[in-house]
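*Asks:* Start counting the sequence shown at 39; every next residue gets the next number (the numbering used here).
For the record, the hints were derived by calculation from the structure and aren't laboratory data.
All of these numbers come straight from a predicted model, not from anything done at the bench.
Hints are all accurate, no fakes.
Derived lysine to aspartate or glutamate pairs resembling EDC-like cross-links, with alpha carbons at most 16 Å apart:
#	residue 1	residue 2
1	Lys70	Asp482
2	Lys475	Glu506
3	Lys169	Glu506
4	Lys475	Glu504
5	Lys169	Glu508
6	Lys169	Asp513
7	Lys70	Asp483
8	Lys169	Glu510
9	Lys493	Glu81
10	Lys190	Glu508
11	Lys374	Glu449
12	Lys72	Asp482
13	Lys488	Glu81
14	Lys172	Glu510
15	Lys72	Asp483
16	Lys493	Asp483
17	Lys374	Glu222
Derived DEER-like restraints, expressed as beta-carbon distance ranges:
#	residue 1	residue 2	range
18	Leu267	Asn41	36 to 44 Å
19	Val55	Lys475	19 to 27 Å
20	His507	Val471	17 to 25 Å
21	Lys169	Thr289	46 to 54 Å
22	Leu352	Ser264	14 to 22 Å
Built from N, CA and C at the ideal position, the CB exists for glycine as well.
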Amino acid sequence: MMNELITQINDAIWGYVLIFALVLCGLWFTWKTKGVQFRMVGEMFRLLTDSTMPGTNTSNINGKNENHKYISSFQAFAVSVATRVGTGNLAGVATAITIGGPGSVFWMWIIALLGSATAFVESSLGQLFKKRHKDSFIGGPAYYIHKGLHLKWMAYTFAILLTITFGLSYNSIQSNTICGAMQEAFGWSPLVVGAVISVVSLFIVFGGIHRIANVSAILVPLMAISYFLLVVVIVFMNIEHIPHVMKVIITDAFGLEQGVGGALGATIMTGVKRGLFSNEAGEGSAPNVAATATVSHPVKQGLIQALGVFTDTLLVCSCTAFVILISGLYDIPELKGIALTQAALGSEIGSLGPTFVAVAILLFAFSSIIGNYYYGEANIRFITSNKTILTIYRACSAGVMVMFGALVSLEFVWNLGDLCMALLTACNLIAIVSLGKYVFRLLDDYRAQKRSGIKDPIFHRSQLPEIEHELECWD
39 MMNELITQIN DAIWGYVLIF ALVLCGLWFT WKTKGVQFRM VGEMFRLLTD
89 STMPGTNTSN INGKNENHKY ISSFQAFAVS VATRVGTGNL AGVATAITIG
139 GPGSVFWMWI IALLGSATAF VESSLGQLFK KRHKDSFIGG PAYYIHKGLH
189 LKWMAYTFAI LLTITFGLSY NSIQSNTICG AMQEAFGWSP LVVGAVISVV
239 SLFIVFGGIH RIANVSAILV PLMAISYFLL VVVIVFMNIE HIPHVMKVII
289 TDAFGLEQGV GGALGATIMT GVKRGLFSNE AGEGSAPNVA ATATVSHPVK
339 QGLIQALGVF TDTLLVCSCT AFVILISGLY DIPELKGIAL TQAALGSEIG
389 SLGPTFVAVA ILLFAFSSII GNYYYGEANI RFITSNKTIL TIYRACSAGV
439 MVMFGALVSL EFVWNLGDLC MALLTACNLI AIVSLGKYVF RLLDDYRAQK
489 RSGIKDPIFH RSQLPEIEHE LECWD
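All chains should be modelled from the sequences, with the hints used to inform the complete structure.
*Replies:* Printed below as a string of structure tokens:
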């Protein structure tokens with residue numbers, strides 16, 4: 039009963055509001071930034087691989103003190119990718135193909151191409167309005183809604199929604215997927231697997247953002263590279279099937295085979311929902327961790343987070359989709375979610391397939407759990423500094439909801455996640471459309487400094503005099 043009600047609400051919100059809002063925002067930001075996600079790809083990679091530690095200028099601008107511990111751009115990128123690259127790439131893609139057909143992959147691509155501009159804007163705002171917090175920085179949509187729009191009620195609403203969505207709802211999805219994969223591969227009890235994940239997650243989240251950043255910086259490259267290399271090998275082994283796979287995706291995306299109407303609408307809706315769950319562009323999550331980085335200009339972290347969208351959807355999600363479509367197993371009703379991905383890999387590499395996916399999803403989803411937790415923590419701290427409430431949240435996020443996800447059905451946790459994601463995204467889109475004008479000016483300044491020969495652009499809050507008094511850092 040509850041599951042059916044949530045499904046109906048999701049269909050109404052996604053079918054009539056969010057799809058159009060996400061596409062329109064993506065087009066608007068792409069136009070206003072002159073295609074930043076395409077024109078500045080080279081700069082994104084340069085910033086990501088820049089080994090230069092923050093220097094004197096950065097320290098002065100960000101207000102470093104002797105107790106400050108740097109969160110590098112790469113570490114912030116790794117934490118955000120940890121939440122992006124996870125169940126959305128393995129289970130989410132499989133779920134999208136099962137429900138919406140192969141054409142949903144095309145709409146995942148579209149929402150990623152447009153959404154990367156949205157991700158750039160929201161993460162730049164996260165950096166611009168960040169605050170000092172003990173030995174690091176803290177920020178996100180709740181902070182830029184409060185300081186930029188002066189709408190305290192909306193800021194608190196967003197903080198509550200994000201805490202529920204990521205710290206609670208999404209963590210149940212991650213846990214559900216891990217337990218499903220382990221049961222499929224090894225026959226392990228979801229109860230036992232859920233308990234183990236809870237204990238390890240609690241240990242890490244009680245260590246704070248630095249422990250989370252350090253763990254993510256190790257796990258994310260390891261899991262992403264290993265999974266990507268395996269799938270690339272499989273694709274090359276079946277290179278003759280790729281033209282057919284692309285044809286199936288394109289024809290299904292526009293309803294050329296199943297006919298226009300309800301089927302096409304379901305394809306688009308599913309592709310957008312699973313694409314957003316995977317890359318989180320516009321959802322308001324990545325700005326929370328983007329704000330923790332120590333950089334000399336807000337645009338730097340905005341560019342790096344835009345790259346995260348490409349990494350997630352155009353690379354990892356596409357790899358999963360190709361393997362599933364090459365296998366031809368997506369028409370089997372019994373195969374859903376992570377089980378479909380495991381079966382698809384198993385059809386290509388034998389019994390090693392399900393085992394590899396189980397291990398990969400353990401790493402993917404586990405890193406997502408600890409990353410999701412931090413997003414919630416940042417917003418709990420916005421609402422209150424009460425340590426008891428934070429402790430209760432930690433126990434619920436890494437303990438209770440991980441166990442909850444291990445024991446409930448696949449359909450329920452995904453539907454609940456879609457509802458939370460819809461409400462969260464709507465709130466954030468209103469904010470970034472209203473505040474985007476500041477990011478456009480930041481980008482113009484960054485480009486101007488680069489054109490003048492400055493290799494490491496610097497921002498001072500005096501460059502935005504109308505909101506200078508609202509910017510705690512950048513002095």
